Amino acid sequence: MRHLYVGLVIMLCAVMTAFAAQPIRGFVLDSTSGEPLPVANIVVEGHNIGSTTNLDGFFVLPAVDPGTYLLHVSYLGYYPNSVEVVVTDADMGMIEIELSPTSMKLEQVIYTVDKIDDEAIRESARVSTVPVDGTTLRAMPSLGAEMDVLRTIQAIPGVKASSEISSALYVRGASPDMTLILLDQSTVYNPSHLFGLFSTFNADAVKHIQLMKGGFPAEYGGRAGSVLEVVTNDGNRREYEGSVMISLISARAAFEGPLPQERGSFAGSFRRTYFEPILEAVRNSSEDFKDLPDYFFYDGNAKVNLDLTKRTTLTVGGYVGHDDFFGEFGSSDARLSVSSYWGNRTAIARLRQVLSKTSFLTVGLAYSRYRSGAEVWDLDETGEDSDNLLDDFRNRFNDIAVRADWELMGWRNHRIKTGVQVSQLSAEVREESEDLIWIDIDTSSVNVAYYLQDQWRINSMFEVQPGIRAVYHESGDYFGLDPRLALVYHHSPEMRFKLAGGRYHQFVNLISAGDMLSFYDIWLPYDGTVKATVMNQYVLGWEYDFHPQYEFTCETYYNDMENLVEFNRNIDEADSFSEAFLEGEGRSYGVELMLRKKAGRWNGWFGYSLSWSERRFPNTYQNDGDWYPPKWDRRNDFIGVTMYPLSENWDISGQWRFNTGQGYTSRVAQYSQPEGPVGNENQGDNGRGSLFGSLNNYRHPSDHRLDVSAIYNHHFFGLPAKLTLSVYNVYSRRSIWMRIEDPSDNPISSVDIKLLPILPLVGYEVRF
Amino acid sequence: MTKFEKTSRRSLAPFVAALLLTLAILFATAGCVDNPTEAEDFEPLPVLYSFIQNDAAVDTVTLEWTAAYNVYYDRSLLGIQDAEIIMYPTHNASGDPVDTTGRPELVIQFEAASGHEIYGKYVPVNDGYQQPQCLWTYRMEARKPDEGVNLWAETTVPDTFSYYTTHKSDPLSIPFNVDGDTLTREDDEIYINWTESETARGYILGIIAETPRDELVPLDPEWDPNDPDDELEDYERGRHNWTIARYDQRTMTIAWIFFQWSGWNQMYISAASESYYEYMFSLMRQGDPSLKQNPTFNVNGGIGVFGAYSTHEFRIMLERVETGP
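Quick mapping for you: the protein sequence lines, in order, are chains A and B. Residues 0 to 767, numbered by numbering that gives the first Met the number 0, are exactly what the first sequence covers, in order. Residues 0 to 324, numbered by numbering that gives the first Met the number 0, are exactly what the second sequence covers, in order.
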């Protein structure tokens, strides 16, 4: 630790004495709303200088001698812009560069970057990072005409879903809990609604998404696999605007605008399903449907940005998401009620300050709460809950974090960032019936992380991004050190080679009963009774921009996982982490190809991944301790996504995907299965059991599916409106979700539970 | 302000060709997936089941083979006949080893059950004059060397315990005995209390309908025997319903939904050995169809369960409440 601090002090001293010329600094903004744009590229023509904006849209270019410079600025989903900047001896202050979104339907122009000094075309040393802009997100085909962040992410090679109805992310062979999901820098623990069918992010509120599949820098931590960063709209700083959208399953509304006296902006959005009247009607239509349960979900975002001074902005925001399920089952004189809920709440307060010409400070407080629960009651003869509580399950997970980040940009081709985060992680898990407490875990731990990273452009050919993250976890008195390194070699203006590696610690884990049982998701911080999960990642990449409009990326990776944990299903009580989990190890490796067209009339990408994933839990019942492929291990995934503006009013988009079938565990034998001394004669043909082979020893047939979407842009009583027509699974190829045995047949037959057939859906949105 | 220039497209052909070639190589070398034959290649395993009870003659031992997963299951073809099966104590109630050398009275020999040979059923010779004792540990061995059968397992018999039932609505009331009572679902639920059984890993509570399977009448008041939609399928005619309670649980409310059939029902509460409880716990876990996990067995050399229990039983008559007009 001491060496880290010494290094930091040396760098700070160097900064104080280094400047003679003037840096170019400022913000990149959306021309329509004035919102800052994160991760925009800025390149100085004719010089080996470039940078990207941070998440607040701020950038600093290295100091340059007085003169006139031409800046080229680009950002995904926006038309590039070029700005002439005159640098003098005096401090030129901050500049603002505006970009116009491509959704504005400006004349399509094919831009070239040939004239730009080649070495600076791509500034970032980030490896395995895929940005997705709001425009792409809103144009992608969607289920239920509902724009969906996580389903868009699932279209990126290297990301898999456990099934087509699941929005969980399985990135490069890691389980979903290994992906850090950040919503405005606050951690989201359960990102799905409706048993995994929809993600919790209201796409209306999303400005920018980037997925870091691996090799991510030291500023990110807490999860071992990958990072999904979601940045929501700050709100329009120039005028009030809003939208209302209805689809077959939900309605949503969004509103944003400037604060009085041009002191900032606000944005808010809300979405709620309205299944209840439909379900009620179905229930009343026939006695056969009387047990149909009730369900709804809602989510909402709100954010206020208050400019305290020209250099200081305070952001206060929050998110709330909630799912609710209720049903009654059984005959009229012996009924059960089942109610469950799950959801996230986050809140942030964040102060960002432009400290000096080249440095930027953010200080934030973030709160994230995930809670879930389920109750099963025995109903009395009046239909009310009796005093017989058959099962009561509750999970509360709280994450309160304070963090400070200091960023120094534009100093001698360095971009240094350092920060500290202190988190209080606590969890309560309790499952009980009226007669017994089955699980009772109450644990809390402080987690402290410090990081230091640099992004150094050594010369026109090499960029290096070293970093270190030191973590201390109170429970178990654990100290971990995560070195990270990324290296970029610019072979030519069009071609780059990238290398990244690092060590990644994880201190929270998820016990999941599956996507369909989200309310049984249990998040637990490490309590010191087992070792923390660690992943060592190695990534090698090749990028080739063989044409001004195209990007080609090829990456290969190897992930080595230590101290993996898996829920121990053989326990009937637990009050610690070690009792609840099995410990093991894992590895994953593969190759990913992505060809992306980012400009021109049609946009989209083709992606392919070839991957392997394995894990084992020695000396446990889990596959007898041998290596096995997890359910999400799939050899081949191919996806093609395209978006095309058909005319002034019509936009169409489509995606086709092909993937190797999901693994399943096949039975290998059958045998008589007595129910204890009572035997099995009472069960007739049911008195047989299946003996299963090694885990996921077989695979379902390969899946493929086509989704298309058409958007009709028009005006509704003078207001801009959008009609979305979406067809999910166009040729109705129903993939197999699970295979279950029917023991009432002899020989035992298999029944394949299939997923959704063709599903045409419609949505309507009016903006004002 | 824009300084970019329009450009002509470069030829994509070489790159596309290289990309397609790469894809082809990846597909060809990696293949989609291997085609496993684990199920087809599976060798049959010997299966042994035996559950012993304190102070009671040892019941049937079942010894049979597993069957292929995709064939008609005919138990008469699967019994392992002419095996040598013995059971003897290894430790007494104090935990001291028991030496059975020269004490043949401690060793129970088994022979084929008359008329059930083909099913692999065995019963103690001379009805097993040695009855299992509480807190003693027993070992069962089954051998048939010419067919590669060599199984063994051990279990400890739980201690005795007592139980009583009370009214659910007033659990502190004087305990009453429901044995032989006639009840309906409109009555108060049965609330069972029991004392600890030493060495029990848990408790099994169950109900067995005494009515023959093809004559079962559901308690469900909406069930209409004349409605074809209400006709019971074979798989719906399970007469045994059970649940488990953990080692430290002492009470349980038996919800009426737990009872399915009208007529005489036998209820039992058993203190279960570790092997018996964990086997039943794993069967209950298998209620999740997505969880393809084998039951917890304790038989070495094959699969199956050698378990022990001490138990209480009582009977109740359940009457169906007809719905009004």
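It should be emphasised that the hints constitute simulated quantities derived from the structure, not laboratory data. All figures in this text were calculated on a predicted structure; none of them were measured in a lab. Treat the hints with care, since some could be wrong.
Far from chain A by the CB rule (all over 12 angstroms, computed), these chain B residues [unchecked claim]:
#1 L77
#2 I85
#3 D95
#4 V106
#5 E110
#6 S113
#7 G119
#8 R138
#9 E153
#10 D158
#11 T159
#12 S161
#13 Y163
#14 G201
#15 D247
#16 L290
To give an idea of the chain A side of the interface with chain B (calculated C-beta under 7 angstroms), a few residues [what the hints assert, rightly or not]:
#17 F269
#18 D571
#19 V667
#20 P676
In this text, a Cβ means the ideal position worked out from N, Cα and C, and glycines have one as well.
Against the structure, the hints come out as follows:
With a cut of 12 angstroms on Cβ distances, L77 of chain B falls inside the contact zone with chain A, its closest approach being about 8 angstroms. Distance to chain A confirms I85 of chain B as a non-interface residue, since its nearest Cβ pair spans about 20 angstroms, more than 12 angstroms. The beta carbon of D95 of chain B is kept farther than 12 angstroms from every beta carbon of chain A, the shortest such distance being approximately 28 angstroms. The non-interface label for V106 of chain B is consistent with chain A: the shortest C-beta to C-beta separation is roughly 22 angstroms, beyond 12 angstroms.
At roughly 20 angstroms, the least C-beta separation between E110 of chain B and chain A is larger than 12 angstroms, which holds for a residue marked as non-interface. Against chain A, the non-interface label of S113 of chain B holds: every CB pair exceeds 12 angstroms, the least being about 18 angstroms. The Cβ of G119 of chain B sits about 9 angstroms from the closest Cβ of chain A, inside the 12 angstroms cut-off, so the non-interface label is violated. Its beta-carbon lying about 18 angstroms from the closest one in chain A, R138 of chain B satisfies the requirement of being farther than 12 angstroms from that chain.
The Cβ of E153 of chain B lies farther than 12 angstroms from every Cβ of chain A, with a closest approach of about 17 angstroms, so its non-interface assignment holds. With a least CB separation of 17 angstroms from chain A, D158 of chain B remains clear of the 12 angstroms interface cut-off, as annotated. Residue placement check: T159 of chain B keeps its beta carbon more than 12 angstroms from all beta carbons of chain A (closest about 16 angstroms). With a least CB separation of 17 angstroms from chain A, S161 of chain B remains clear of the 12 angstroms interface cut-off, as annotated.
Every Cβ of chain A is farther than 12 angstroms from the Cβ of Y163 of chain B; the closest lies at roughly 15 angstroms, confirming the non-interface assignment. Against the 12 angstroms criterion, G201 of chain B falls within the reach of chain A, whose nearest CB is about 7 angstroms from its own CB. Some Cβ of chain A comes within 12 angstroms of the Cβ of D247 of chain B; the nearest lies about 7 angstroms off, and the non-interface call is violated. The beta carbon of L290 of chain B is not kept farther than 12 angstroms from every beta carbon of chain A, the shortest such distance being approximately 7 angstroms.
At about 34 angstroms, the closest approach between the beta carbon of F269 of chain A and any beta carbon in chain B exceeds 7 angstroms, and the interface hint on this residue is violated. Checking D571 of chain A against chain B: minimum C-beta separation of about 5 angstroms stays under 7 angstroms; hint holds. The interface hint given for V667 of chain A is met, as the beta carbon of that residue sits about 4 angstroms from the closest beta carbon of chain B, less than 7 angstroms. The restraint placing P676 of chain A at the interface with chain B holds, with a minimum CB-CB distance near 4 angstroms, inside the 7 angstroms limit.
Violation of the numbered hints given earlier is confined to hints 1, 7, 14, 15, 16, 17; the remaining hints are satisfied by the structure.
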